[in-house]
Amino acid sequence: MTYSASAFSRLISPLSDSELNKLATNAKHLTKQHFGNTIQLYIPLYLSNECCNSCLYCGFNRHQNIKRQTLSLDEATKQLQIIKDKGFDNILLLTGEHKASVGVDYLVPIIKQAQKMFSYVALEIFPCSTEEYSSLISAGASGLTIYQETYNKEVYSNMHPSGPKKDFSFRFDSPERALKAGMRKVGLGFLLGLTDWREEAYFLAEHLDYLMKNYWKADFTVSFPRIHKAPDGLDTKTISDKDFVQMILAFRIAFPKVGIILSTRENAELRDNLLGLGVTQISAESKTNPGGYSDNTSDEQFQVNDARSLSEIITALEKNGFDPVIKDWSTILSSISPVL
Amino acid sequence: MITDALKIADRIFASRLFVGTGKFSSPLIMKKALDASGSEMITVALRRVDLSNPDDHILHHLDLQKCQLLPNTAGAQSADEAIRLAMLSRASSQTNWIKLEVTPEPRHLIPDSEETLKATKFLVKEGFIVLPYMQADPILAKKLEDVGASTVMPLGSPIGSNKGLKTKELIKIIISNSNIPVIVDAGIGAPSHACEAMELGADAVLVNTAIAIANDPILIASAFKHAVEAGRKGFLAGLAQESDGEASSPLSWLIK
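These protein sequence lines are chains A and B, in that order.
When you read off a place in the first sequence, starting at 1, and then add 3, the result is the number in the working numbering.
When you read off a place in the second sequence, starting at 1, and then add 9, the result is the number in the working numbering.
A few of these clues could be false.
Beta-carbon label-pair distances, calculated as ranges [what the hints assert, rightly or not]:
(1) Met120(A) to Lys175(B): 42 to 48 Å
(2) Lys41(B) to Lys322(A): 17 to 23 Å
(3) Lys322(A) to Lys242(B): 56 to 62 Å
(4) Ala271(A) to Ser201(B): 41 to 47 Å
(5) His32(A) to Pro259(B): 48 to 54 Å
(6) Ala271(A) to Lys41(B): 36 to 42 Å
(7) Asp20(A) to Lys177(B): 57 to 63 Å
(8) Trp219(A) to Lys41(B): 54 to 60 Å
(9) Ser201(B) to Ser7(A): 30 to 36 Å
(10) Ser61(B) to Asp77(A): 38 to 44 Å
(11) Lys175(B) to Asp77(A): 37 to 43 Å
(12) Met120(A) to Gly247(B): 55 to 61 Å
(13) Lys322(A) to Asp155(B): 49 to 55 Å
(14) Asn217(A) to His235(B): 30 to 36 Å
Residues from chain B that keep clear of chain A, each with C-beta distances beyond 12 Å, as calculated [said to hold, decoys possible]:
(15) Arg116
(16) Ser122
(17) Leu245
I should point out that these hints are in silico values taken from the structure, not numbers from a laboratory.
Ideal placement from N, C-alpha and C gives every residue a C-beta, glycine not left out.
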């Protein structure tokens, strides 16, 4: 179908079980047609947990008394090698927001190193200017994930009381700046649990539709990280598994060719059950603390609910009739050295 | 001896069914389906495989004694990217065959005619055997032939759509004008679509999604094999023209 806000609203409105089943049948068919029987695998590497923001829901909040660490180029290279040896070929590099010590100048050599070792390098970092995104792309980054956290400005303002992240618009415009700079893949999303999911889903769909029409050469993904355990004193809205599934189905039907990512925030059983219903990419073996692939001396951002190893996840995928895709990119599609 | 063989560049193909390797549920099922298809031309996406690694997840399962490996440039958004992928492919796979795909919009993968022509011209000069995926555009087909493409591969309908020969009238013109093999690529969703393309006079068809995502990929691969053979025989036999069944002769007034 062609996306329309009204049709999307119907997909996310309250449904009976039999209507939900119909959505699932449709979503399953579309997923198979467009993505086949494959699931892409990726792994995150947290480079730093230093942060000058104070997001109320986040383990890296600057008021949290945690052990802070930023990997040096050598340390990052060692972690990259461990990940490579596990069999991954697709890496997501993450940071908090602390531009003074963990800025673009810090990232460029690490991206260059990662690009030598992996076919595909993506970033999940602080918002940047167009020029900064250009530098990151030139270094070898092909993908960027940046979640708006919430599209509700009032909730956004409450959740981000201080630090540069307070600026809703600068964050909201980040994907567009990255696309202007030539980013090939952009991941959008919001944090589930901050406010009503239907409202968030609606705005995400509109955001995605706008970017897809205006930056038609780019590939898009969406993801819906869900807060399972809120920090003490933070009032979050839990979203049921049923609603969570409906939202994934709605995005699959409205945007049949957009990848949907499910992280290890979700448990193994739910992740396995959602394969083929819309989800196209999953992470595996994630550690959410810097240096976590060799030791555990720093603190993590959130608790992982699917701790299976890559080989256990591959076995589960194969048992469910899916071919795990480790490599689906070429550094040639990222490097800038024209022959013509 | 093969009496009705397809010749592309210097290679003879007994099978006129070309197959792709994406979207299968496992490499083993892919291998069995490819075997059942009888295909001798197998395309792989350069972004998906590591040509320098003999144990690669996909390559490892291909019988390259029997089949021509046809690396493709899926993911390339410009002539430049496609050329660089092709160069990498030749350097690491020892084959100079390339299925050229230049698709700047990643959702529908419609080929960019201008960039496809530019890349074909360049790669032919560099000594590649170029099989370009293209719009069902008869003028572009002739231009590609003029710059040295070894085949043209017009789309039947958008890739992965399984909608069949929506571009049928244009494909007929391409076939009637062409001096090089015409391979219908993309959109073939059922054996009957493949058969129809062959009846029109296409030299071969390329099928991937319809085999990979069928409930029984092995059985449908064999169905495609037979459909392609049947369509080819229909074409060679000369199809009886459709008739509206009018009995009288329009020249009865003249010819007594």
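Right, here's what the structure says about each hint:
{"no.": "1", "hint": "Met120(A) to Lys175(B): 42 to 48 Å", "result": "43 Å, holds"}
{"no.": "2", "hint": "Lys41(B) to Lys322(A): 17 to 23 Å", "result": "18 Å, holds"}
{"no.": "3", "hint": "Lys322(A) to Lys242(B): 56 to 62 Å", "result": "43 Å, violated"}
{"no.": "4", "hint": "Ala271(A) to Ser201(B): 41 to 47 Å", "result": "42 Å, holds"}
{"no.": "5", "hint": "His32(A) to Pro259(B): 48 to 54 Å", "result": "50 Å, holds"}
{"no.": "6", "hint": "Ala271(A) to Lys41(B): 36 to 42 Å", "result": "30 Å, violated"}
{"no.": "7", "hint": "Asp20(A) to Lys177(B): 57 to 63 Å", "result": "43 Å, violated"}
{"no.": "8", "hint": "Trp219(A) to Lys41(B): 54 to 60 Å", "result": "38 Å, violated"}
{"no.": "9", "hint": "Ser201(B) to Ser7(A): 30 to 36 Å", "result": "33 Å, holds"}
{"no.": "10", "hint": "Ser61(B) to Asp77(A): 38 to 44 Å", "result": "27 Å, violated"}
{"no.": "11", "hint": "Lys175(B) to Asp77(A): 37 to 43 Å", "result": "56 Å, violated"}
{"no.": "12", "hint": "Met120(A) to Gly247(B): 55 to 61 Å", "result": "59 Å, holds"}
{"no.": "13", "hint": "Lys322(A) to Asp155(B): 49 to 55 Å", "result": "52 Å, holds"}
{"no.": "14", "hint": "Asn217(A) to His235(B): 30 to 36 Å", "result": "47 Å, violated"}
{"no.": "15", "hint": "Arg116", "result": "4 Å, violated"}
{"no.": "16", "hint": "Ser122", "result": "16 Å, holds"}
{"no.": "17", "hint": "Leu245", "result": "34 Å, holds"}
Taken one by one, the earlier hints fail for this structure at numbers 3, 6, 7, 8, 10, 11, 14, 15, listed in ascending order.
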